[in-house]
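Protein chains: 2
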Amino acid sequence: MTTETTPGPSLVLYHAWASSASRKVRMCLAEKGLPFEARVVDLNRFEHHQDWYKKLNPSGIVPALMVDGRPLVESNFINEFLDEAWPEPPLMPADPMLRHDARLWGKYIDDTCLPAIQKHNWMHHFHPMAREWSDEELERRLAAIPTANRRHVWYRMARDPYTAEELEAALDILRDMMDRIEARVAATGWITGDAYSLADIAATPYVIRTEELAPEEVSPEKRPAAAGWWSGIKARPAYKAAHMEPFNEQCWSGWTPPA
Amino acid sequence: MTTETTPGPSLVLYHAWASSASRKVRMCLAEKGLPFEARVVDLNRFEHHQDWYKKLNPSGIVPALMVDGRPLVESNFINEFLDEAWPEPPLMPADPMLRHDARLWGKYIDDTCLPAIQKHNWMHHFHPMAREWSDEELERRLAAIPTANRRHVWYRMARDPYTAEELEAALDILRDMMDRIEARVAATGWITGDAYSLADIAATPYVIRTEELAPEEVSPEKRPAAAGWWSGIKARPAYKAAHMEPFNEQCWSGWTPPA
Chain A
1 MTTETTPGPS
11 LVLYHAWASS
21 ASRKVRMCLA
31 EKGLPFEARV
41 VDLNRFEHHQ
51 DWYKKLNPSG
61 IVPALMVDGR
71 PLVESNFINE
81 FLDEAWPEPP
91 LMPADPMLRH
101 DARLWGKYID
111 DTCLPAIQKH
121 NWMHHFHPMA
131 REWSDEELER
141 RLAAIPTANR
151 RHVWYRMARD
161 PYTAEELEAA
171 LDILRDMMDR
181 IEARVAATGW
191 ITGDAYSLAD
201 IAATPYVIRT
211 EELAPEEVSP
221 EKRPAAAGWW
231 SGIKARPAYK
241 AAHMEPFNEQ
251 CWSGWTPPA
Chain B
260 MTTETTPGPS
270 LVLYHAWASS
280 ASRKVRMCLA
290 EKGLPFEARV
300 VDLNRFEHHQ
310 DWYKKLNPSG
320 IVPALMVDGR
330 PLVESNFINE
340 FLDEAWPEPP
350 LMPADPMLRH
360 DARLWGKYID
370 DTCLPAIQKH
380 NWMHHFHPMA
390 REWSDEELER
400 RLAAIPTANR
410 RHVWYRMARD
420 PYTAEELEAA
430 LDILRDMMDR
440 IEARVAATGW
450 ITGDAYSLAD
460 IAATPYVIRT
470 EELAPEEVSP
480 EKRPAAAGWW
490 SGIKARPAYK
500 AAHMEPFNEQ
510 CWSGWTPPA
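Chains A and B are the protein sequences, given in the same order.
Quick note on numbering: our numbering labels position 182 of the first sequence as 182, and the sequence is numbered without any gaps.
Quick note on numbering: our numbering labels position 62 of the second sequence as 321, and the sequence is numbered without any gaps.
Possibly wrong hints are sitting among the right ones.
[Unchecked claim] Pairs of lysine-lysine residues, derived as DSSO-like cross-links and limited to a Cα-Cα distance of at most 30 Å, are as follows:
| # | chain 1 | residue 1 | chain 2 | residue 2 |
| --- | --- | --- | --- | --- |
| 1 | A | Lys-222 | B | Lys-314 |
| 2 | A | Lys-55 | B | Lys-314 |
| 3 | B | Lys-493 | B | Lys-378 |
| 4 | A | Lys-107 | B | Lys-481 |
| 5 | A | Lys-107 | B | Lys-291 |
[To be verified] Reference listing, derived: stretches of chain B covered by chain A, where coverage requires no fewer than 3 residues with Cβ under 8 Å from a Cβ of chain A:
| # | stretch |
| --- | --- |
| 6 | 326–338 |
| 7 | 362–369 |
Calculated from the structure, these hints are not laboratory results.
Ideal placement from N, C-alpha and C gives every residue a C-beta, glycine not left out.
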């Protein structure tokens, strides 16, 4: 995971293997060929809600990238930082209109697709654990969570699991994401403009999960342009280097990358 | 509002005078000395929920900036576009770590401070109108709103107004914003790094409203560094050019800037 390139600041990534936001940052680091130290935050043990981690990321979510000991948060902004600090290969378009488009796409992924994926990921992995908590344990767990949004989601995992209708609506959001990718890729070959960029990286972890949850949505029969684009993404050396292994294998701790 | 500078793309801003996000973009345009055509979107007449406007901004919110006929949305990203398309005077730091900080600050303002301000602004201005709607009119209004978040806020304006506790909690968020500004400005003179930037512009409309709602929070007795910074912001020619008049005067249509 750490190959020598040019000297620079020390990079330490606090992450989880199966976390979509963490995968985004690993993919960008791999594209840049940047050496970094990867430290797994054990979500099963709620390390992300512990005080030491909340000092790095006050929202209590992964990832956080330490740059010479200073923490950076928010995966889209971390990746834009990486692109500005290490401009080669460029991962943002040069044209300001397209740069705006790439940022807007990143915000769409985070604000709209992340909550949709989260419903499926968390029902699969956290609900079976959280539903067993006593009221006392639930209160204790919630008290450690710094944001109202995440407290709400954890409460739902414990006491009010997502319904079949909600899970289907979440899948519809991912289908719509695939429609948007199809339209963009059919037009220019990539999500933003005519080159690979942080916009493609932002979508990658979400397409991984969409393919796992509903493979037909990523099939060439249904969306030929997107399927071709997706084959290209999965063939990138950075995809392998970033360890985009199946969700179930990486979920959420105890997994280590193959040597 | 439109003074001649260098030739460039045509800029048309769809905005509302009292909207915080619109004010942010007007401030940036004024700092850059860019000529633009300002078109008011009449929020009282729900023009932002009409199909023609949702073609420009699919979220049905102001502002939208047309650049040679192509719409850009999201005030933070619009301002970053303006800074990249017209680099002088620079409104983002050069250092990638500080650029990350400015982006994170903009996201904090939008995700945390905007919903807090909104509670006060909308209770003041929209609740007295929306509470009079019949169930039929409410349904019709909600059906035109493209995002679940805004539908929810409009429902609350009509049928479930914010409580005194919620309004006080919102004010606490603004007090915390002022604490953060005080700490940053005391350290370096500005919100991000040692120069005026889009981070200061992002905060400006929120400090205006905080001063109107709770003047003591912006007083030199309570927060000396922030108060000094704020005097400097209000003295900027761009502040005058952007027409940051009192909220009540500009609220929400029918107001025209003094000649």
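Hints, verified against the model:
A threshold of 30 Å between alpha carbons decides the hint, and for A/Lys-222 with B/Lys-314 the separation of about 27 Å falls inside it, so the pair holds. Distance check on the hinted pair: A/Lys-55 and B/Lys-314 sit about 42 Å apart at the alpha-carbon level, beyond 30 Å; violated. A threshold of 30 Å between alpha carbons decides the hint, and for B/Lys-493 with B/Lys-378 the separation of about 24 Å falls inside it, so the pair holds. The straight-line distance between the Cα atoms of A/Lys-107 and B/Lys-481 is roughly 36 Å, outside the 30 Å bound, and the hint therefore fails.
Pair hint A/Lys-107 plus B/Lys-291 holds up; C-alpha atoms about 25 Å apart against a cutoff of 30 Å. By the rule of at least three residues with a Cβ nearer than 8 Å to a Cβ of chain A, the coverage given for the stretch 326–338 of chain B holds, with 7 such residues. For the stretch 362–369 of chain B, the stated coverage by chain A is satisfied: 3 residues place a CB nearer than 8 Å to a CB of that chain, which reaches the threshold of 3.
When the structure is compared with the earlier hints, violations turn up for hints 2, 4 and for no others.
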